[in-house]
Structures are given as C-alpha cells and as structure tokens.
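Student: This is what each chain is made of:
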Amino acid sequence: MGFSINDKRPLPPVGATKKNITCEFCIVGCGYTAYKWPKGTSGSNKTNALGVDFSKQQPALGVWASEQMVNSVTDRDGKEYNIMVIPDQDCVVNRGQNSARGGAMAATLYSKSTFTRDRLKDSQVFGGNNLNRTTWRDATDLTARVLKKIIDNDGPDQVAFKAFDHGGGGGGFENTWGTGKLFFTAIQTRSAAIHNRPAYNSEVHATREMGIGELNTSYYDTELSDTLFVIGANPYETQSNLFIMHWAQNLQGATIEAKKKEFDKGETADAAKIIFVDPRITASITNSIALAGEENVLHLRIKPGTDVTLMNALFSYIHEQGWEAKDFVKKHTQGFTKAANTNIISLNEASKVTGVSADDIKKAAAWISKPKKSGHRPRTAIFYEKGVIWGIKNYENIASIVNVAILTQSVGRVGTGVCRLGGHQEGYVRPPTPKGMPDRENLVVIDAEAAEGNYLAFFAWGCNPFVDSIMGERLSGAFKRRSEIVKKAMSRNIGADNETMADAIYRACKYDGGLFFIDIDIYPTFKTEVAHVSFPAATTMEMNLTSMNGERRVRLSEKIVDAPGAAKPDCLIAATIANALKFLYEKEGNSKMAKRFEGFDWKTEEDAFNDGFAGQGAKMDSQGGPTGALASYDLLRENGNNGVQNPIVKVSNGKLVGTRRLYTDNKFGTKSGKAMFKPTAQPPMPRQVANQMKKHEFWVTSGRLNEVWQSNYHTSRLPMPSTRWPLAPIQINPKDAKEKGIQSGDLVMLYNDYGSVRVVAYVTDSTRSGELFIAFGFPNSPASNIVTDFVDPDTKIPFYKGTAASMRKIGRIEDVANSMSFKSRI
Amino acid sequence: MNNKQSSRRGFLKATAGITAAAVAVPSLFASQNSKNENFYGYEDKTIGSFLKLKSAGEMDFNYPDADSPCKAVWVNGEIKAYSLLCTHKGCPIMYSASSKSFRCPCHFSEFDAELNGQMIIGQATENIPEILVKVKDGNIIAYGVNGLIYGRESNIKG
Ligand code: SF4
Ligand code: FES
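The listed protein sequences correspond, in order, to chains A and B. Mapping of the first sequence onto this note's numbering: residues 1 to 826, in sequence order. Mapping of the second sequence onto this note's numbering: residues 827 to 984, in sequence order.
In case anyone wonders, no lab produced these hints; they're calculated from the structure. Everything numeric in this text was worked out from a predicted model, so none of it was measured. Any given hint might turn out to be false.
To be verified - In silico negatives: residues of chain A with every beta carbon more than 12 Å from chain B:
1) 8
2) 134
3) 260
4) 284
5) 496
6) 806
7) 819
Claimed, not checked - Short derived list, chain B residues pointing at chain A, Cβ under 10 Å:
8) 867
9) 891
10) 900
11) 923
12) 950
13) 975
Ideal Cβ positions, reconstructed from N, Cα and C, are used throughout, including at glycine.
Modelling step: build the complete structure from the supplied sequences, incorporating the hints.
Tutor: So, in structure tokens, the structure goes:
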C-alpha cells in the first residue's frame with residue numbers, strides 16, 4: 001500500500017449509512033449519495049458499499065471518490081465517522097456527474113482537522129471586546145428583549161431583516177418558511193430585503209407580469225431544442241451540469257433519436273445551434289464551439305447595457321420576415337401592437353447601438369424563428385441570468401427577452417422555454433408580506449436606508465450584505481459605525497442582566513444612532529465583526545432540507561451528520577426567537593401580542609415543512625402552489641434524488657407525480673390567461689453610472705468563477721479553490737494591460753467615487769479593451785465596493801454588472817502571483 | 827480550427843476508449859522497497875532518458891503501474907510529470923506543448939503543467955496528481971505520486 005498524505009481514501013463498508021443529498025450549491029441541483037461509517041471500519045477494495053471493485057482501475061465516467069469527496073466528522077455523541085459524498089449515477093439531473101463545486105461537498109463539512117473548523121458552534125453575545133460564546137437561552141432572551149422594546153415603542157418596521165429566499169445550502173422550504181413566519185406573521189415588519197439585493201423583490205417581475213413563470217421548462221426539454229439562446233449567462237461555469245449533461249449532448253447531436261420521438265411527424269431533427277449574448281468571450285462559448293463547431297455557435301458580442309435594443313431588433317426582424325408564431329400570437333397573447341409601437345427598430349439603428357452586425361442579428365433571428373426544412377417552427381429554448389437580471393434596467397431587460405419568446409412561441413412546446421438559468425436553487429414558501437408592503441415601484445431600498453441611519457435592529461440572516469449589495473464600501477462603513485455605538489453601550493454595562501443590557505442597547509439605537517445587529521450564519525465573516533448577537537446555523541447534510549431546482553424538481557436532501565456544536569436549522573432558530581418573544585409577552589399578560597408569536601412549536605425541520613410547504617398550499621406564497629400540500633417527507637424520500645417537478649399533479653401508487661413543462665395548454669398567468677407583450681424602450685445609462693463613466697476610464701462588469709461559490713464561504717476554505725483564487729481576479733485585455741504596464745499576477749487597484757478594491761490582474765482576451773471583468777463575491781476583494789447605488793426604479797434591482805473605475809497597478813504579492821495559474825480560461 | 831475544436835475529435839476518441847478501459851485488467855502489485863521518506867510504498871521506476879525528454883519535450887510512461895498513464899514534460903527548465911487521467915471523471919487528458927497545459931476532451935477541464943497541475947478551469951475537484959521524479963545517471967526515475975489518481979481508492983493497488 002502506498003502512503004503519502006493524499007494517495008489513499010477509505011471506502012464505506014457494505015451496510016454503511018446511505019442518504020440522498022441534493023447538491024447544496026447551484027440551481028441545477030444535482031443528486032448525490034452520501035455514505036457514513038464509523039472510523040476504524042472500512043470496506044475493502046473488492047467489497048464495499050459502492051459495489052465497485054477497486055482492485056481494478058475504474059473506467060472513465062465510472063464511480064469514483066476524489067479526495068474532496070471524503071471527510072471525517074465527529075457527531076454530537078463524540079463518535080467519529082468517515083463520510084463520502086459522490087454524485088448519483090441514477091439521478092436524471094446529473095447522471096453521476098459532479099462539478100467542481102458539488103464534488104467538494106464532503107470537504108465542506110465541519111471537520112476539526114480542516115479549515116472548516118471555524119464554523120460557528122454556539123450562540124454568541126458581544127461582551128468585553130468581542131463576541132463571547134453563550135447558550136441559546138441567553139442569546140435569544142437578550143435578542144427578544146431588545147426586539148420587544150422596538151416593536152412595542154417604535155413599531156415592527158424598525159426591525160429590518162435581510163435573509164435568503166432560496167433553496168440549497170443556507171435555504172430551503174423549511175428555512176424560508178421559518179424565517180418568513182417569524183418576520184411577516186409574528187414580528188410583522190415590512191423592512192425586508194433579500195440576501196443578494198437591497199430590497200424585498202423578485203428578480204423577474206417582468207416575466208411574471210407577462211404571464212410566464214420564470215422556470216417553465218425541463219432539462220430534458222433542453223436536450224430537444226433546435227436552438228439554445230443564452231443571454232447574460234455563462235452556464236459552463238455557473239450551471240455546469242446542465243451544460244455538460246444536457247446541452248452538450250444536444251450540441252453534439254447525441255439526442256437526435258429522442259427528438260425524432262418527441263417531435264411532430266416528419267419534423268426536421270438536427271443537432272442544436274446555440275446563440276450567446278455576452279460582451280465577453282466565455283468558456284461556455286469556446287466549449288460550445290468545441291462541441292458543435294464554429295458554424296453552429298453565434299456569439300453576439302454586444303456593447304454592455306444594450307440587450308434591450310438587441311432583443312427589440314430580433315423582435316422587429318422576426319416580425320418583418322413573418323417568422324412569428326402567428327396563430328399563437330393571435331389566440332394566446334395580447335398587447336402586440338402597443339409593444340410594437342415602442343419596440344420596432346431598424347437593423348441599422350440596432351446595429352449601431354449594440355455593436356452587433358446586422359448580419360449577425362439576422363442570423364440569430366433565423367436560428368430562433370425561421371421555419372425548419374420540414375416547414376415546422378424551430379424549437380427554441382431561451383435562457384437568461386444575472387447579465388441581464390443585474391443589468392442596466394432589470395424590468396425592460398427581461399421583458400424584452402420574453403417579448404421574443406412569446407412572439408416565437410418559445411414556451412410550452414416540447415424543446416422550448418423562456419427561463420432564468422438561476423443561481424441558487426429555489427425554495428420559497430412564506431406568508432404574504434405584511435399589509436401595507438408597497439408595490440415593486442415603491443419598495444424601500446433597505447440597505448441604503450440602514451446606511452442612512454434608519455432602523456433600530458438589523459438581521460443579516462444567511463447572507464453577507466458587505467459583499468452582495470450596492471455601494472459595498474459605504475454600506476459596510478455605515479454598519480460598522482452604527483454597530484460601534486451599540487458596542488460602546490454594551491461595554492458600559494458590564495455584568496448587567498439581560499433586561500438592563502437590552503435597555504442599554506435599545507437606548508443606544510433609539511437615541512444615539514446605533515443599530516442592533518444580529519448575525520445568523522454558518523461561518524464568521526466580516527459582518528460577524530459588527531454583530532452584537534450571533535446565532536450558529538446548520539446547513540445541507542446537517543438537516544433535512546427540501547429545495548427546488550431550475551426545472552422545478554423538489555427533492556428531500558437528507559441529514560447525515562450533526563451540525564457543529566449547538567448549531568440549528570434556520571427554521572428552528574426562527575422558532576427559538578419567536579418563542580422567546582412569546583414568553584415575554586405572556587409574562588406581561590399581553591395575550592394579543594403573545595398570540596402573534598404562536599405556531600412555532602416545531603421540534604424538527606420536518607415540522608416546519610409540514611407547517612409551510614405541505615401545510616399551507618395556496619394560502620401562502622409558495623412555489624409548491626396548492627398541490628404542495630400533497631407532499632410529505634416520506635413521499636419525497638420515496639422519490640429519491642429524482643424527486644418531483646412542481647406543480648405536483650397527484651400521488652400515484654405511493655409516488656408523487658409532477659409536471660415536466662409549464663404552459664402546455666397556452667394558459668398564462670395573467671387575468672385574461674393570455675401572455676402579455678410589453679413595450680421595452682432602450683433604457684438610458686443611469687445617471688450614477690454615467691457620472692462614473694465620465695470620470696473613470698474603464699467599464700467594469702462582474703460575474704462568477706466556476707470554482708468559487710457565492711460569497712466564497714465554503715470554497716475559500718477548500719484547498720483547491722483557495723489556492724486557485726486567493727483574491728478576486730480582474731480580467732484585463734492585453735492591450736489595456738500593456739498600456740498600464742500591468743502583467744498577470746500584479747496587484748491592481750480599482751477605484752471610483754464609491755470605493756476601491758484590490759484585485760489580481762489576469763490578462764486575457766476574454767474581455768475587450770476598455771472593459772474589465774471582476775469576479776464577484778470575494779469578501780477579501782469585494783467587487784461591490786465600486787458598485788453604484790443605482791437600482792431599477794421599477795423593481796429596485798441593482799445594476800451590479802455595470803460601473804466604471806480607474807485602474808492603477810499597486811505592485812505584486814509574490815505569494816499570490818505564484819500560487820495562481822494565469823493561463824487562458826477560454 | 828481552435829484548440830478546443832480539435833479536442834472535439836478527441837472527445838469522440840475518448841468516448842470510444844471508455845469501453846476499452848472498462849475491462850482494464852488489474853496490474854500486478856508493485857513491490858514495496860522504496861526508500862523515499864514521504865512516499866512510502868512506491869517503487870522507483872526508470873521512465874526514460876533525461877536528454878531524450880529534454881529534446882522531445884514530453885514523454886509518456888506508466889506509474890505506479892501499467893494502468894496509470896502518465897506524462898513527463900520539460901517546462902521552464904525542469905521536469906514535471908503528471909497522471910494523464912482527468913481528476914474529474916477519468917478521461918485521458920491531452921497535452922498542449924504550446925500552452926504547456928493539459929486539456930480534457932470530455933468536459934473541458936484544463937490543468938497547468940507549469941504549476942503542479944493546477945486546474946486552470948474545469949469541473950474537477952482536484953488538481954492533476956503530480957508524479958514525483960528525480961534524475962539519476964541520466965535517467966528519469968519516478969518515485970511517488972502526490973494526489974489520488976482517478977479511478978482508485980489507493981494509488982498503489984493491493
Ligand atoms: S452543477 Fe450545480 S448542482 Fe450540480 S454539482 Fe455542480 S454546483 Fe452542484
Ligand atoms: S473527465 Fe475530464 S473534464 Fe470531465
């Protein structure tokens with residue numbers, strides 16, 4: 001047997017505990033299998049729980065556990081176990097495939113011997129100069145006392161919260177329900193914001209108002225599309241297994257047989273073509289060329305912020321050619337003429353605005369809508385994500401895409417759809433927002449208000465506003481200032497009981513401009529440093545958790561290990577806080593208020609699921625809809641990693657049966673049941689951004705790296721991504737780099753009127769001269785520092801993707817420069 | 827044709843090769859007489875002449891046994907050697923002398939031959955295992971593996 005530090009892994013013995021896990025990371029929601037067995041026991045290379053004979057070299061695409069797929073953990077009973085988490089061959093989503101992120105799930109588990117050891121384990125309260133570990137009872141009691149004073153004296157809106165609304169790790173139906181019920185039903189605050197944006201809003205208001213829910217197709221349908229049309233997204237890096245396991249097959253022509261089965265009689269069935277709209281060259285584009293050939297890939301390399309004009313041009317040209325779905329438009333849509341009055345634009349004009357040639361616009365229009373050889377309409381699936389969602393103007397950006405979709409009937413039919421690609425999985429079930437919550441146009445931008453000095457308490461729940469919000473540097477500065485006021489008051493009350501301390505905190509907030517900051521998370525972050533109370537949360541694999549992927553597939557991801565220390569699922573943290581408030585109101589005999597905090601007597605996350613997703617049906621805002629009530633943990637367990645696609649239709653022979661694709665009946669979600677066209681004029685550059693462009697030389701956009709997940713909380717603690725990306729890289733075109741005397745590996749500062757950030761230069765042809773691309777979400781080099789405070793006035797969604805900055809070379813940190821590869825990623 | 831397009835052909839080849847690999851026979855157990863301090867159990871194996879690698883730029887060999895294809899490359903005036911089985915799902919990676927990197931035709935992971943096999947981009951969770959080599963009497967000798975080779979629970983089977 002060989003032995004170095006990393007050349008051998010234990011194998012689960014036959015009979016090891018085995019659970020279904022849904023990947024905790026991206027929207028694709030790949031299926032995994034987790035094994036757990038006591039340390040000291042092991043399967044042999046011939047006989048093991050995987051049923052694989054490891055005395056033989058395994059074939060490519062076989063079953064294998066990489067180093068990151070194995071870990072050792074200690075449960076609360078003190079017993080040590082080995083854990084293996086590998087992709088599930090039988091899951092229809094990923095068919096045994098992992099991505100760079102999901103494949104490292106085992107390594108993300110809390111382990112005393114890895115960098116995950118700093119997980120938050122106990123509640124903490126500020127005292128002395130830092131947070132002190134304490135009991136749940138102590139920390140919730142103090143929190144409840146402060147909250148009660150605020151609710152009673154100043155009203156619930158003075159309690160602001162910013163929380164996840166998604167599925168996967170740090171989310172899920174149990175936890176969105178628990179937190180939603182606490183804030184909307186019990187506390188009844190309207191001061192709410194979502195984890196990655198400064199207000200409480202949908203990222204896709206436009207499509208919903210046009211009658212089309214944003215997740216309306218299935219991954220299988222994308223194997224059947226004639227054309228894939230991708231706007232503002234980089235799926236190889238951010239929805240990896242959708243691209244690799246579904247689109248790649250279609251682009252290579254491996255799904256033609258399936259197409260023949262699903263298509264109409266005599267209908268042409270070829271390999272798919274793919275169109276990308278992106279100012280950058282991405283790995284998705286170059287890999288598509290490798291798969292489909294240059295002639296089947298079209299890259300519309302637009303000028304930033306001109307997506308609406310490009311969509312309007314496609315709309316116009318398709319209409320001019322008579323390629324629209326005439327019958328469908330007539331019977332199942334409304335508002336065409338009104339939209340056309342605004343949207344029609346000549347190819348020349350559009351070409352000037354977007355920088356895309358008229359020929360390429362024509363070609364795209366033909367691929368999307370020109371009848372096929374057989375005379376049938378092409379089946380086009382349209383996908384968009386943050387490049388437009390977080391673009392120049394959220395509402396029009398999306399509406400203009402959906403206009404093209406309904407003009408061409410790219411929805412409801414086999415092989416079609418018009419969907420967001422998604423970031424996290426979904427997992428929304430919450431009570432309706434409290435009465436008086438403004439419409440989308442009048443929503444309050446919570447983060448900006450907090451920075452201005454509003455609110456007395458602020459919950460940052462499973463999110464990091466210092467990294468994922470507008471004007472990051474100003475925001476974190478304001479939080480620090482306001483936190484310090486409360487900390488000083490707490491320090492003046494050494495040894496005080498919770499009532500006295502709560503009073504001191506309340507006064508510091510009410511009269512001195514302080515902000516009582518409650519942090520709920522799994523790791524300490526920069527935001528924990530401003531917290532006065534911190535609660536430790538559990539995450540995937542540490543709790544049972546249900547979520548929904550980008551094709552509405554709901555799975556039960558099972559618990560297999562104990563959460564570290566005293567950490568709890570978020571829904572049970574919410575319940576603990578609610579129950580503490582109920583206790584205080586009961587004690588003072590205020591039964592009316594005590595009643596508001598009832599309904600949290602949950603012992604487990606399953607209780608929260610049964611109360612929320614399965615208990616409420618249509619009564620609440622639930623992605624499960626009315627038939628969500630048919631679901632239960634037992635039934636979901638039965639359906640395993642393949643789960644069921646919302647909406648659930650029925651239970652048949654003990655199995656949940658769902659819905660592959662939406663709108664097959666052409667009945668849309670508007671009053672009239674018709675899909676609605678919208679006028680979409682090209683939005684002007686927002687004033688704030690235009691000002692920065694005048695003063696600063698470079699356009700700066702941002703996005704994700706394959707290996708780094710969200711705010712890098714897990715991935716910065718894993719060996720591979722943390723060495724690969726010690727700081728956020730900035731992609732610079734070789735010409736600009738040369739002019740500025742910058743080489744790959746140099747430390748560079750970007751700055752504008754909003755803030756500055758230090759990043760590592762990565763010289764590449766991916767970006768054009770004059771345009772920079774910075775990786776988003778790195779807490780140690782946050783792109784949000786230089787983002788302006790602009791939000792779409794109609795939806796309050798920020799323009800994270802567009803700002804301007806100056807760039808200056810700082811020098812070189814050899815350690816950083818030497819640890820990273822700077823070779824081309826395209 | 828860009829590099830990635832040429833690797834498309836490789837994809838088809840690689841996929842064809844998978845069936846063959848599926849019946850790979852277990853190789854014989856390597857003997858355990860390595861003197862190396864950190865890499866127990868590996869056998870020293872001569873993989874070829876140093877001068878030959880220097881002039882050819884690359885050299886194929888198997889280590890630690892016949893089922894584990896590897897490649898030594900001459901980069902920046904040093905010998906680097908790597909497993910050729912992609913740490914994502916085990917497809918054979920291909921070396922590009924011009925970029926001094928390896929590409930996987932299956933799902934396009936790329937690894938830097940100049941930087942310990944670091945993944946440049948891709949879907950693997952690990953860098954490519956590095957084969958430790960030394961030069962003795964004009965010959966290159968492999969003496970250990972840093973990282974778990976795809977498709978194994980232990981680099982040295984037994
Ligand atoms: S593609 Fe997404 S869901 Fe699938 S393994 Fe990767 S991160 Fe997880
Ligand atoms: S097997 Fe190499 S990238 Fe998947």
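Student: Indicate, hint by hint, whether the structure satisfies it.
Tutor: Against the structure, the hints come out as follows:
{"no.": "1", "hint": "8", "verdict": "violated (4 Å)"}
{"no.": "2", "hint": "134", "verdict": "holds (37 Å)"}
{"no.": "3", "hint": "260", "verdict": "holds (22 Å)"}
{"no.": "4", "hint": "284", "verdict": "violated (10 Å)"}
{"no.": "5", "hint": "496", "verdict": "holds (49 Å)"}
{"no.": "6", "hint": "806", "verdict": "holds (29 Å)"}
{"no.": "7", "hint": "819", "verdict": "violated (8 Å)"}
{"no.": "8", "hint": "867", "verdict": "holds (4 Å)"}
{"no.": "9", "hint": "891", "verdict": "holds (8 Å)"}
{"no.": "10", "hint": "900", "verdict": "violated (17 Å)"}
{"no.": "11", "hint": "923", "verdict": "violated (13 Å)"}
{"no.": "12", "hint": "950", "verdict": "holds (6 Å)"}
{"no.": "13", "hint": "975", "verdict": "holds (8 Å)"}
The structure fails to meet hints 1, 4, 7, 10, 11 from the earlier list, while all remaining hints are met.
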